[in-house]
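Trainee: What follows is each chain in one-letter form.
There are 8 protein chains.
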Amino acid sequence: MRKGFPEVIFGDGKSPEQIRSIVEALLKRSDRVLVTRASPEAYAAVRDGASDARFDETARTIAIDRRKQRKTRPGVLVVCAGTADLPVACEAVVTAELMDCDVERVYDVGVAGIHRLLDQLPALQRARVIIAVAGMEGALPSVVGGLVKAPVIAVPTSVGYGASFGGLAAMLAMMNSCAPGIGVVNIDNGFGAGYLAATINQIHDE
Amino acid sequence: MRKGFPEVIFGDGKSPEQIRSIVEALLKRSDRVLVTRASPEAYAAVRDGASDARFDETARTIAIDRRKQRKTRPGVLVVCAGTADLPVACEAVVTAELMDCDVERVYDVGVAGIHRLLDQLPALQRARVIIAVAGMEGALPSVVGGLVKAPVIAVPTSVGYGASFGGLAAMLAMMNSCAPGIGVVNIDNGFGAGYLAATINQIHDE
Amino acid sequence: MRKGFPEVIFGDGKSPEQIRSIVEALLKRSDRVLVTRASPEAYAAVRDGASDARFDETARTIAIDRRKQRKTRPGVLVVCAGTADLPVACEAVVTAELMDCDVERVYDVGVAGIHRLLDQLPALQRARVIIAVAGMEGALPSVVGGLVKAPVIAVPTSVGYGASFGGLAAMLAMMNSCAPGIGVVNIDNGFGAGYLAATINQIHDE
Amino acid sequence: MRKGFPEVIFGDGKSPEQIRSIVEALLKRSDRVLVTRASPEAYAAVRDGASDARFDETARTIAIDRRKQRKTRPGVLVVCAGTADLPVACEAVVTAELMDCDVERVYDVGVAGIHRLLDQLPALQRARVIIAVAGMEGALPSVVGGLVKAPVIAVPTSVGYGASFGGLAAMLAMMNSCAPGIGVVNIDNGFGAGYLAATINQIHDE
Amino acid sequence: MRKGFPEVIFGDGKSPEQIRSIVEALLKRSDRVLVTRASPEAYAAVRDGASDARFDETARTIAIDRRKQRKTRPGVLVVCAGTADLPVACEAVVTAELMDCDVERVYDVGVAGIHRLLDQLPALQRARVIIAVAGMEGALPSVVGGLVKAPVIAVPTSVGYGASFGGLAAMLAMMNSCAPGIGVVNIDNGFGAGYLAATINQIHDE
Amino acid sequence: MRKGFPEVIFGDGKSPEQIRSIVEALLKRSDRVLVTRASPEAYAAVRDGASDARFDETARTIAIDRRKQRKTRPGVLVVCAGTADLPVACEAVVTAELMDCDVERVYDVGVAGIHRLLDQLPALQRARVIIAVAGMEGALPSVVGGLVKAPVIAVPTSVGYGASFGGLAAMLAMMNSCAPGIGVVNIDNGFGAGYLAATINQIHDE
Amino acid sequence: MRKGFPEVIFGDGKSPEQIRSIVEALLKRSDRVLVTRASPEAYAAVRDGASDARFDETARTIAIDRRKQRKTRPGVLVVCAGTADLPVACEAVVTAELMDCDVERVYDVGVAGIHRLLDQLPALQRARVIIAVAGMEGALPSVVGGLVKAPVIAVPTSVGYGASFGGLAAMLAMMNSCAPGIGVVNIDNGFGAGYLAATINQIHDE
Amino acid sequence: MRKGFPEVIFGDGKSPEQIRSIVEALLKRSDRVLVTRASPEAYAAVRDGASDARFDETARTIAIDRRKQRKTRPGVLVVCAGTADLPVACEAVVTAELMDCDVERVYDVGVAGIHRLLDQLPALQRARVIIAVAGMEGALPSVVGGLVKAPVIAVPTSVGYGASFGGLAAMLAMMNSCAPGIGVVNIDNGFGAGYLAATINQIHDE
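Residue numbers (my numbering), protein chains in the order written: chain A, 8 to 213; chain B, 8 to 213; chain C, 8 to 213; chain D, 8 to 213; chain E, 8 to 213; chain F, 8 to 213; chain G, 8 to 213; chain H, 8 to 213.
Treat the hints loosely; a few may be bogus.
[Stated by the list, open to error] List of simulated lysine to aspartate or glutamate pairs, DMTMM-like, C-alpha gap at most 20 Å:
(1) B:K35 to D:D115
(2) H:K21 to H:E48
(3) C:K21 to A:D115
(4) E:K35 to C:D115
(5) D:K78 to D:D109
(6) G:K75 to G:E104
(7) A:K156 to H:E104
(8) H:K156 to A:E14
(9) C:K21 to C:E64
(10) E:K156 to D:D115
(11) H:K78 to H:E48
(12) F:K156 to G:E14
Worth flagging that the hints you see were computed from the coordinates, not collected in a lab.
Using the sequences plus the hints, can you model the full thing?
Mentor: Below, the structure is given as structure tokens:
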């Protein structure tokens with residue numbers, strides 16, 4: 008994996024045993040490993056060989072960080088509308104944290120309740136990079152983008168039904184945002200968003 | 008045409024002469040006629056035979072109303088983001104007006120400038136029916152829907168480029184709105200929105 | 008939730024225990040709660056803590072209404088073609104009823120048996136708002152729209168196979184209806200249709 | 008061309024001169040030639056070399072029939088909703104006539120004005136094969152299919168805008184018709200519908 | 008159901024008990040009943056109350072015919088490429104037979120083995136109506152259409168994977184056939200094809 | 008450009024002057040240049056500076072070959088159905104010839120006239136590589152693929168209308184061919200097919 | 008099956024017993040049989056009757072080759088990015104081997120780690136035909152195509168999630184490759200790629 | 008416009024006179040104005056009233072900057088494959104420059120000529136933010152993303168034909184990139200990419 012980043016395993020479709028053996032192989036050459044889309048069963052298998060593995064049930068991630076010391080930097084904020092989008096939002100949080108960001112969370116604010124979002128304006132405007140996660144009509148990044156100077160990473164989720172077509176509606180909405188300064192990642196790609204945010208946040212310190 | 012409504016002609020693809028002769032035929036059995044997607048040339052042709060025809064250049068409509076008296080009712084509000092959506096918004100206005108609604112206009116408010124929209128909160132909350140017109144990511148109806156009790160008619164427009172796919176992105180976003188109480192009409196269908204709004208607004212007086 | 012409406016929970020993908028605890032939390036701040044896409048198991052869990060919860064098996068809804076008194080108003084009619092569309096139609100009924108509408112039901116009328124639909128003309132023309140639910144070719148709202156003065160809320164369903172593409176065919180048909188006065192909600196969104204209908208029906212009494 | 012049918016030329020994208028020379032070549036081996044999607048200019052060019060060529064301006068067809076005698080049979084009926092669909096409907100009529108069918112026309116009946124359609128019930132039920140042409144929501148074949156015993160050939164047209172997507176909405180609707188006994192041809196394919204109808208109608212006499 | 012045809016039940020998604028009770032209700036007003044997409048379990052349930060029900064395992068149909076006498080007519084032929092398309096082809100056969108057609112079967116001929124198809128030329132040219140069933144690239148109707156005078160009903164199937172997109176590729180191919188005289192039904196709609204073929208075949212005898 | 012191939016310019020959207028100056032620049036480092044999608048005007052401009060440029064009006068190509076000697080090899084055959092597909096077929100021919108292939112042409116054979124195709128069986132079976140060009144339902148490569156041992160390069164064209172969706176129908180059909188041994192290139196990409204065929208044909212001599 | 012190739016069975020959706028009996032039937036007329044998309048259970052069933060059947064667990068293939076002698080030829084190379092694409096890559100390998108190719112494998116090289124790919128340049132440039140397998144953005148064939156003279160067969164896989172839409176994204180990317188000399192097969196169609204490669208590779212020896 | 012950024016006008020579809028009057032209005036409240044998709048005619052009109060307007064013919068932009076002093080910062084690099092993508096790439100450059108970035112350009116490097124790209128490795132690895140512009144298969148951002156630590160902004164362009172579907176193929180490829188750290192903007196949205204890059208680059212100095 009490029010950039011000295013933790014090795015990453017996409018857990019979906021792999022058996023707990025497969026994940027365990029890949030993790031063990033990676034730990035031989037890396038001190039940070041991340042498994043996304045991981046089940047509790049996969050965690051149980053991994054923990055057998057790596058007792059310091061941490062499981063985030065909402066994010067569905069297994070993370071191992073064996074570095075002696077790490078220095079974190081603030082600046083990343085993750086905002087999403089509701090409980091259904093939380094797995095993707097939390098995957099972004101875990102990823103950015105493993106890449107040494109302190110991550111601020113603003114959950115439970117949606118475009119249909121704009122005042123709750125405006126209540127968070129100070130936090131939003133304090134952030135250096137914002138990850139905005141939304142399913143259904145995918146409007147959150149546009150509204151957030153109009154409120155801040157920071158770059159916004161938009162993550163469409165597959166939350167929705169019918170004409171959401173698995174997240175396509177949210178993705179198209181985000182691609183067409185009337186607010187500039189927005190970059191979009193794949194549907195449900197919390198990892199990619201966290202990674203990109205951390206990459207941007209590092210610029211500050213170089 | 009059902010419902011004692013003015014006869015309607017979709018002007019796109021018809022020659023000025025064709026439009027003129029259809030208008031003249033309709034005027035024999037109706038005292039209200041509306042032409043949508045009308046060009047200045049079509050207006051010139053129609054006016055020759057019907058000097059009381061009115062042309063709205065932005066809405067691209069020709070309207071004729073020969074009723075002796077009419078009684079209007081307030082309640083309809085049309086909101087849209089910007090100049091590019093105006094033709095569709097104005098088509099909705101003209102249609103609702105011809106169906107005896109006083110129409111309030113709130114133009115130039117978009118989701119990326121949420122404070123300008125909030126400045127219009129009193130007007131929005133006063134309305135009995137709201138028509139929200141938006142292209143690109145189509146998020147305006149969701150935000151408006153979260154601010155009012157009135158039913159919202161969402162009109163996607165073909166404004167945009169690239170992944171807007173001729174208004175598909177906005178239409179899908181509106182179908183997936185997280186705010187309830189929203190009904191969607193066809194892309195660029197200002198007429199349909201104005202018609203539906205007037206139909207809803209009439210309930211009040213029956 | 009906006010507008011003094013009952014709180015709503017989308018039950019799909021949530022465990023009975025999750026639904027139960029959300030319901031209990033909501034009941035602390037609201038006297039009306041609605042769960043859509045609810046299973047019998049979810050109902051069993053909810054009923055444990057809220058013995059006044061009512062389950063509608065066809066609509067797949069759990070409804071709780073703890074208001075001391077309520078005043079209903081007539082005016083909403085739900086029409087659909089057949090048994091396969093009933094879950095969506097009934098979800099609309101339950102929603103509108105919880106929002107204080109008396110709802111008339113006209114089931115089992117389809118466009119391929121036009122005379123059965125015409126037999127219901129008096130009921131259709133009496134209604135103030137009509138919800139037309141249809142899958143497959145989605146033609147019912149167009150035919151109904153041509154018969155009445157009232158606004159029509161069109162609900163496409165995912166009933167069908169092959170080129171219905173999960174309700175896309177019905178949704179596109181409804182967006183392109185040749186009858187004006189029609190607003191469309193998301194595929195299978197009975198809740199949204201019932202909500203919008205109740206919102207429109209309330210205008211009458213304000 | 009199979010089946011002893013008149014030779015057919017798709018005129019779109021061919022110059023008048025190209026069409027003229029193809030027509031002349033075909034007339035050497037066939038006594039019937041049909042040009043579809045033909046312009047007045049193409050007709051002028053063809054007529055120079057074939058003075059018996061007939062041009063149908065609405066259908067946009069050039070037809071030449073040099074047979075000494077022909078025997079026609081009744082049974083084909085073409086039904087469509089309105090003026091915008093007429094070019095496709097007329098192309099079907101011209102094609103079926105050139106294949107020796109007497110064709111009955113029922114224009115100006117749409118699903119949003121169901122009573123006008125029902126007024127034509129005797130004609131519809133008399134036909135042996137029906138061609139139903141419709142754009143927008145494409146519901147006409149479903150309604151007609153529910154009223155008759157005859158096979159129905161459904162022709163979607165590209166009439167519409169926005170979410171009609173060039174006739175896709177109508178085509179999908181027709182593929183999903185809840186009335187059985189319906190076969191669909193390509194968007195705007197009046198020729199194909201007329202050809203199929205004539206082929207079916209011939210069975211009667213063999 | 009229109010046209011004196013057997014009542015039809017779409018079995019998919021209905022429980023054996025539901026199917027049984029619908030069948031019993033229908034048998035009170037009709038002497039012919041057809042269940043499509045039926046499982047062996049559904050058949051077991053139906054047979055309990057109707058011992059004369061016949062199950063076709065490949066076609067997945069349950070058929071009951073209680074007419075005292077019936078007169079069949081020849082003329083319908085069903086052609087398909089291979090074993091994977093057989094369920095759809097057989098559904099068409101069962102339907103047409105229940106509508107009093109003698110049905111000739113030509114299975115196991117595909118466009119990639121054109122000589123096997125040409126071996127069947129006499130049978131193909133003898134037929135009055137042909138049903139051509141094909142998945143994947145859906146080319147069979149085009150080739151058959153070029154060999155016969157009879158009308159061809161094309162049935163796309165969902166057989167295939169990847170870019171077949173559930174039968175969309177075959178459906179589009181059939182809509183665009185270069186051979187005229189072809190009408191297309193929905194993906195996997197063997198019933199609709201059999202019904203349409205029988206309707207066409209009946210013309211001969213009226 | 009890789010592989011010692013002639014430099015290639017995609018002429019569409021470039022002015023004659025732009026094409027001329029690119030051609031002149033390329034001729035300084037290459038002895039073979041090909042312009043595709045070239046207009047007569049572009050040819051006139053190019054010829055001014057390079058009098059040995061050859062223009063193929065049907066293929067819409069400008070070709071310059073300044074090699075002192077060249078050795079051609081047989082083996083490539085291009086097959087297509089009709090006049091509308093000729094520009095794409097000829098672009099493939101010109102490309103393969105410029106890459107030193109002798110190209111056999113089999114035009115005017117379509118799947119709806121299978122016997123004309125079978126008349127060409129000796130030529131088809133003699134070829135080492137076959138390019139099969141087809142629009143509309145795109146079935147030709149499947150039929151050809153079933154008749155020969157050679158690899159088949161399938162080229163979908165945008166010939167068609169309505170549900171051909173600019174060649175998408177043909178492309179999907181070719182991707183789903185039931186005959187193995189077929190590779191597909193982009194819609195209307197005659198150049199790519201000719202290039203691939205020449206690349207395959209060269210294997211023979213290396 | 009054409010071309011003296013082993014008979015092929017698409018195992019997906021067939022029961023072990025069905026596969027066994029088809030294999031046994033085919034072995035009576037062919038000395039080579041290939042089953043793709045085969046499960047371990049299918050292998051167990053087949054092995055009962057054909058003890059010389061070989062199962063490749065990654066490729067999910069069962070292969071039987073009863074020829075007395077065979078002569079292989081080098082020239083085919085299969086390249087893919089990672090473990091998720093291996094089943095498709097291995098299906099291509101098994102197919103080409105059964106058609107008498109010696110196949111070189113270059114696994115674990117992706118476009119995001121271009122140096123690992125360049126390390127394999129000698130092997131890539133030695134090959135006569137290359138099969139490039141890739142999911143997600145499907146860029147591998149373009150990069151490989153720019154490095155070699157040999158024809159490249161591109162195989163999109165369904166590996167990915169969200170906007171990969173089951174391999175559609177990779178397929179479209181490959182159809183639009185900026186490198187010429189690339190032919191694309193269906194999504195996940197390892198068999199087709201191996202077959203086409205072997206067909207091309209045979210040209211060399213004829 | 009948010010963020011103290013120059014006011015922006017999307018020039019497409021506006022007349023020179025409209026653009027001129029909007030520019031003049033904006034100059035009253037802002038010292039920086041940018042017009043995208045501007046024609047030479049629009050420039051002539053704008054220059055009449057604002058002689059300091061600069062026109063970039065390739066980028067199709069009009070830029071006015073009336074600030075007394077500005078301080079630029081290095082860090083942004085724009086990379087694209089070829090001449091056809093230049094208008095989009097240059098629009099990104101002009102935008103970022105107007106937002107005070109020094110922009111490095113790396114044009115004419117594509118994935119099919121990987122060595123030319125690798126020659127630019129020092130420049131790529133020096134950049135703090137990279138904008139990668141690509142049409143057709145859209146693979147450039149994936150390859151670049153694998154070579155650098157900096158965040159990559161991917162811009163799909165509508166360059167291509169056939170199955171590029173107006174840039175959809177490139178957009179989907181970029182959404183599915185196997186390299187992490189990539190954010191995607193709308194098709195042909197050079198402005199958005201430049202804006203986002205400048206926003207990211209500013210983090211460094213705050």
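Trainee: Determine for every hint whether it applies to the structure shown.
Mentor: Tested hints:
For a cut-off of 20 Å, the pair hint linking K35 (chain B) to D115 (chain D) stands: about 19 Å separates their Cα positions. About 11 Å separates the Cα atoms of K21 (chain H) and E48 (chain H), which keeps this hinted pair within 20 Å; it holds. Proposed proximity of K21 (chain C) and D115 (chain A) is supported: the alpha carbons are some 17 Å apart, at most 20 Å. Restraint check for K35 (chain E) and D115 (chain C): satisfied, since their Cα atoms lie roughly 18 Å apart, inside the 20 Å limit.
The straight-line distance between the Cα atoms of K78 (chain D) and D109 (chain D) is roughly 10 Å, inside the 20 Å bound, and the hint therefore holds. About 16 Å separates the Cα atoms of K75 (chain G) and E104 (chain G), which keeps this hinted pair within 20 Å; it holds. For the given pair, K156 (chain A) sits about 17 Å from E104 (chain H) by alpha-carbon distance, which is consistent with the 20 Å threshold. Simply put, K156 (chain H) and E14 (chain A) have alpha-carbon atoms about 15 Å apart, close enough for the 20 Å limit, and the pair holds.
Among the hinted pairs, K21 (chain C) with E64 (chain C) is consistent with the structure: their alpha-carbon atoms are about 17 Å apart, no more than 20 Å. A threshold of 20 Å between alpha carbons decides the hint, and for K156 (chain E) with D115 (chain D) the separation of about 33 Å lies outside it, so the pair is violated. Between K78 (chain H) and E48 (chain H) the alpha-carbon distance is near 32 Å, which puts this suggested pair outside the 20 Å criterion. Distance check on the hinted pair: K156 (chain F) and E14 (chain G) sit about 15 Å apart at the alpha-carbon level, within 20 Å; holds.
Hints 10, 11 from the earlier list are contradicted by this structure; the remaining hints agree with it.
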